[in-house]
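There are 2 protein chains.
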Amino acid sequence: MRESRRRVAIEGVRPEIDAGEHPIKRTVGDRVTVEFDAFADGHDRVAAVLVHKHECDVAWSETRAEALGNDRWRASFAVDRLGTYHYTVAAWVDAYATWAAELQKRVEAGQDVALELDEGAILVGEAAKRAKAADAAALRSLGRRLRDGDAAAAAEATALMDRHAARRDPTRYARVLEVAVERERAAASAWYKVFPRSVFAGPTAAGEAGVRQGTLADVRERVLPHAAGLGFDVLYLLPIHPIGRTFRKGRDNALAAGPDDPGSPYAIGSEEGGHCAVAPALGTVDDVRALAAACRERGMDLALDIAFQCSPDHPWVREHPEWFRHRPDGTIRYAENPPKKYQDIYPLDMTGAAWRELWGALRDVFLFWAAQGVRAFRVDNPHTKPFGFWRWCLAEVKRVYPDAIFLAEAFTRPKVMARLAKAGFSQSYTYFTWRTEKWELERYLTELTATELAEFMRPNFWPNTPDILPFHLQEGGRPAFLSRATLASTLAASWGVYAPAFELLENAPLAPGREEYRSSEKYELRRWDLDDPKSIAPFLASLNRIRQVHPALRRDRPLTFHRVDNDQLIVYSKRRDGDTVLVVVSLDWRWPQSGWTDLDLAALGIEEGGRFTVRDELTGKTYPWSGGRNFVRLEPDLPAHIFAIEDQQ
Amino acid sequence: MRESRRRVAIEGVRPEIDAGEHPIKRTVGDRVTVEFDAFADGHDRVAAVLVHKHECDVAWSETRAEALGNDRWRASFAVDRLGTYHYTVAAWVDAYATWAAELQKRVEAGQDVALELDEGAILVGEAAKRAKAADAAALRSLGRRLRDGDAAAAAEATALMDRHAARRDPTRYARVLEVAVERERAAASAWYKVFPRSVFAGPTAAGEAGVRQGTLADVRERVLPHAAGLGFDVLYLLPIHPIGRTFRKGRDNALAAGPDDPGSPYAIGSEEGGHCAVAPALGTVDDVRALAAACRERGMDLALDIAFQCSPDHPWVREHPEWFRHRPDGTIRYAENPPKKYQDIYPLDMTGAAWRELWGALRDVFLFWAAQGVRAFRVDNPHTKPFGFWRWCLAEVKRVYPDAIFLAEAFTRPKVMARLAKAGFSQSYTYFTWRTEKWELERYLTELTATELAEFMRPNFWPNTPDILPFHLQEGGRPAFLSRATLASTLAASWGVYAPAFELLENAPLAPGREEYRSSEKYELRRWDLDDPKSIAPFLASLNRIRQVHPALRRDRPLTFHRVDNDQLIVYSKRRDGDTVLVVVSLDWRWPQSGWTDLDLAALGIEEGGRFTVRDELTGKTYPWSGGRNFVRLEPDLPAHIFAIEDQQ
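Chains as they are written, first to last, in the working numbering: chain A, 1 to 649; chain B, 1 to 649.
Possibly wrong hints are sitting among the right ones.
Copies of the same chain look alike in the list, so a pair counts if it works inside one copy or between any two.
[Said to hold, decoys possible] Lysine to aspartate or glutamate pairs mimicking EDC-like chemistry, simulated, CA-CA at most 16 Å apart:
#1 K415 / E455
#2 K132 / D162
#3 K340 / D329
#4 K341 / E108
#5 K129 / E357
#6 K105 / E336
#7 K129 / E35
#8 K438 / D588
#9 K534 / D637
It should be emphasised that the hints constitute simulated quantities derived from the structure, not laboratory data.
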C-alpha cells in the first residue's frame, strides 16, 4: 500500500535541473531563492519551510517560506562558503494557524466560542510540553487565558506556536537539490588572452637570424602589467607545453613546417615533456609559479589552456600506447573529421580499456598546475570528451581546490554546451561571436538569461578568438570592434578578448570568405606594438572600469531589452542591488544611427512619467530624460552609450 | 567515484509529470508519443530507442526513435489494454553507423579506404558472432566483401547491424514513466444528470396529499430511454442513499425541514443504511443492478454520485465514532466553513487515528457498487479528502475493476484540481461554467489543451449543475443555453448537463445576485414535463449526434483558435485522423453578430488560398469558402455553426 496520511502536496520546485541530477550554480555571497507549490486538501492552513545546509554541515537550517498566492511559496538562503549546498522544502498542515483563523471569523460573527477556546488551549498545552523554560511558561500562561475565555490570547501565541507546535505528518519534497558555490570570479570576469611566446617577441641579439621568442618572464614583466592596466582580471595563456615535431604545421596552417616554424601550441608534447611540462623556450614550471603568484598579487588569475590531445611525440604515446586508439595495422589513429586529417594530433581514447588510468592522469594534470598556484583553466574542446569524465574530473579537482574555475571552450550544439555546463564547468563559450543582428542578440540573450539555462550556464562572451575572426570585424573595422566589445562586456558578466590582436584592430583574414586570421599566431611568432596610436586599449580599459564601478554589469541577469524604433540600435538594461545601467549600442559600422526609445521604466526602477538623469560612463556627459520616450543618436566613432541612471525625481 | 564511460546523455523526456511521480493518461487504442534529447560527446552517431511494456508483460518492447534535429528524438507506441504501461528511453553511440558515415565521406573524397574497410569488417564479424542462422551467414558474407575491398557492402549491412551489433555502454534514462490507460469513455463522454426521485415525480393516487416520488424503476423505464434518445452516454444519478432526519434542510435550503420535505440527498445515511444502501423510496440495490444493466445494454454507463460525508443519522456515526472528529465536550464536529455551519453533515476524519480502517471502508463503497455493475463514479468534493487517499483508493478500485472511471467534482484552486487529476481521477470538473468572455475561454482552453495539464487532466464541461445556475443563463435565456451547450460539447471531449432543468431552460435564481436555483431539486421534488414545446432537447440531441459523427470532437486536442474581427464571436477547430470540425459560436445572447474570419488554414489541413466547402452540421446548409477570410453571421435563435469541412479543391 502506498497510502500515507501526509496531506500536503509539494510540486514545481524551482530551480531544479533535470529532477535534481545537476546542481544550480551560485557564487559566495549570493542568495538562492526557491519557489514551490505546496497545498493540502480542504481549507486548512499550510506552513512551509526551505531547509538547507552546506555539504560539510551536519544540521539543516530552516527558513520559513512566504505564501505568494495561488499555492506558490518562496524562501531564500545565503551561500557563503565554497563547495556544495543542499536544499529541499517541506510543508505541513498548520493546525494552530487553522484554528486561529477560524476562531477569528467566529468571533467576528459574534458566535459563542467557548468550545473553540478549549480546543485552542489543548493545542497550546501540547506545544508547552515540547517547549522549555520561558517559552513553556509563556505557552502555559496563554493556554490558561484561552481556557478562561480570553480569545485575544490566540493571536499572541502565534510566534511561540510556530516554534513549538508539533508538525503533524509533514511532507518533505522527494528530492534534495544541490547548489555548486564557486568564487565570485566564476560569475564575473574579464579575460585577456595571449600567446606567451609572441606578444613581446623581439629582434634577436645582433648577428642572429629570426626573432626572439617571448618568454613567461616577458609575460610577467610586461604583459601582466599591461593587462592589469586595462582592468582585465584573468590573464590567460594559450598552451605552454613542449610542441611536437612530427607533422608540425607551418605558417598559415601549412601542411609542412619550415625549420624555424614554432608549431601550433595545441600539438602538445615532445621529448621535452607533455601536459605537465613547460616548453623550454618559454621557461620553466617555476616561471609559471612566479607568474601565478604575480597575478595573485594583483588580484588577478592566471588561466592555463588545457587541451587533452597529444602530438605523436608526446611521452604518453610511448609510455601509454593503450591510451590511444589503434588501427588494424597497429598504427595509432590520428585526429580526423573525414575527409579532413590532422596527422599532428592523436586524440585520447577516453572510453578504451584503460580509461580509468587515463582519466586519473588527466585529472592529475589539473592537480599539478593547481599545485603551482593556477586556479583558472580554459579547457579546449571539452565536447570531444565524455560528459561523465568532466563531471567526475572537475569534482575531483574541486574537492582539493574548491576555488578552481573552469571555462569550457565548446563551440558545438546547444544541448552539448548546456550539458558541459551541467557537468561542472564554471563558464561557457557561446554563440555570441556570431550573433550580430538585434533580433538574434535579443533572442539569444533571452535564452541565456531568462530560461533555466541561467541557473547553471554562465556565458563568457568573446568578440574574437585565435581561431575566429568573424566577418563583421573584417568588414566593420574600428566601429565594429568598439561595438562588439561593448556588447560582450555589458551583455555578459564575463567576457574576454584574444589580445593584442583585438586591441590593435587586427582583421586580415586568411583568405576572403574565411573567418580565420592571416599570419595566425597559432603557427608563427608575431610582434605587437602595444603603443600603436590606433590601439583601442583605452576603450577596453573604460569598459572594464565601468564594469568595476557597476555591480549590475557583473551579473548576467536580470537583463531587460527595451524597444527603440531603429533596428540598428539595441537598448538594454541591468539592475542589481539598486545599481541600474542602461546600454545603447549601434550595430551599424558605417553610418550614424538615431531613434526614439520606448523604455520599460519599471525595469529601470523609475516611476511612470518620472524625470531622471542619465550619465554616459564612456564620455561623462549627462542627459535629462523624462518618461520612456527619449532620443538617442550614435556615431561610428563611439557607437555606444553606457548610461548610469542618476537623480531620479 | 561516480565516473562512468556511458557517453550518451538523455534529458528532457516528454511527457513526464513531476519527474515520473504521476502517470500520463491515455485510452485504449491511443498512441503515446515520446520525445527526448539524446546526444554524445564528439561527432559519433547516436542510436536511440523507446522501450515500453504493459504492467502485466514481462518483456519490454522496443521502438527505434527518429532523429528530429537539434539532438531531439521521437518515437511512439500504441496502448491497447486497460491498466498501466511503463516506458523509458535508451541510447548509445552507434559504432557501425559512425564508421559507415565516415567511410562514405572518405570514399567521396577519393581516399584510400583499405584500412577503414578492415575496421568495418571487424565490426561486422563481431555482430556475426551474436547473430544466428541466416543473419549470421549474411553478416559473415558482408564482412568478407568489406575485407575484399567492396565498400558498397557497408550500406547493405546497415539493417543487420542495427539488429545484431553490440550496443556499447548504453545509457538508459534514469526513470521509468507510466501511462494510465482507461477505456474510451474516460476521454469522451456526455453526461445526463438527474435527481432520480424527481424527474418523473407525479401526482399521488387520488385522495393522497403531495406528489409521488420518482423511483429507480421510473428512471430505468422513462429517463434512460429519454437520455439515450438525446445521445447521452452516461446517465448520472445524484446520491441515492437514505437521507438523514437530524437537522434536515427544507425547501430552498431552509434551516428546518417540513414534515414532507425529502431532504438533501447529500445528507447521507439514516437508520435505513449508509453509503451501500438505497433509499427505500427510490428502490433497492437490485434496482441499481437492473438500471446499470439496462444502461450497459444501450452502450451507456450508469454513474453514481459518491459523497463521502455523513448525516448525524448515518450508521457509521454509531458504529465507528472514531471515524469522526470529536470536540472537547465529546460531541462530533459537524461541517463548518466559519462562520457558516452545516449541522446536518459530519465530515469524516480522514487522517485520524483510525484512518486505515476508514479508508478501507470508503474503498469498499466503490467496490460494492462496482460489484452491482456500476463503472462510473462522480465524486463529490474530492478536494476535501487527502490526495494520498485518492491515489490509493482509485488504484485499489481499478486493480479489481480496471474499467472504472471517476469524475472529480472539485471546484477549487487550480493546483488542487490538477493534483486530483494526477491522483487518478479520469475526468475533472473545471472553471468552464464561469468562463464566458472570448479571451478567457481562449486562455483557459489553451491552458487545458496546450500545456502539460493535457497529459493527465481531462476536462468535463458543465454549463450548469444543481448547485450552479450561472448569471449568464439567468440573463441570457434560450440563446445562452444554446451557446453554452455548444461550447461545452465541442470545446471539451466530455460534457454534461444537469437535466432536465437545462433542457427546459430553467433559470430562476434563488434570489437576485445568487447563482443558485430557486426551488432547487436538492431540497424538494420537482416534476418536469419533458414534452414541453420550449424544450431544447432536440438541440442537445443534435450536439451529441454531431459528436458521434466527428471523432475530432471526442478529444480535447489539438484545438486551434482562429481569429475573427468580432469579440462576440469565437472560432475554433479540432482535427483528428483526417476529420476536421470548425466551430463558430456567438457569445451575444441579444443581437445578431457577424464578422470576417482569419482562419489558420494549416490547422484545418487546407492549403494557402485553397477553396473548400463547409457544411453546417446543425442546419445541413453548405457554404463555398476560399482562403482564410470568410464571412460569418449568427442570430440569437441559433447562435452557432458547427462546420464539417468538405470537398477541398
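*Intra- versus inter-copy proximity for E357 and K129 (alpha-carbon distance at most 16 Å)*: neither (59 Å within a copy, 30 Å between copies)
*Indicate which option fits the pair K438, D588 if close means a Cα-Cα distance not exceeding 16 Å: within, between, both or neither.*
Answer is within: at 11 Å inside a copy they meet the 16 Å cutoff, but 44 Å across does not.
*Intra- versus inter-subunit Cα pairing at 16 Å for K534 with D637*: within (13 Å within a copy, 80 Å between copies)
*At most 16 Å between C-alpha atoms: does K132 with D162 qualify within a copy, between copies, both, or neither?*
So K132 and D162 pass the 16 Å test inside one copy only (14 Å; across, 70 Å).
_For K341 and E108, with the copy left unspecified, which applies at a CA distance of at most 16 Å: within, between, both, or neither?_
between (85 Å within a copy, 15 Å between copies)
*Measure nothing new, just compare the shortest in-copy and cross-copy C-alpha distances for K340 and D329 to 16 Å and report within, between, both or neither.*
Neither: 20 Å inside a copy, 89 Å across copies.
*Give the relationship of K105 and E336 under a CA distance limit of 16 Å: within one copy only, between copies only, both, or neither.*
between (77 Å within a copy, 11 Å between copies)
*Taking 16 Å as the upper bound on the Cα-Cα distance, should K415 and E455 be classified as within, between, both, or neither?*
This pair counts as within: shortest intra-copy Cα distance 15 Å, inter-copy 25 Å.
*Using 16 Å as the alpha-carbon threshold, which applies to K129 and E35: within, between, both, or neither?*
Answer is neither: 33 Å inside a copy and 55 Å across each miss the 16 Å cutoff.
Of the numbered hints stated above, those contradicted by the structure are hints 3, 5, 7, listed in ascending order.
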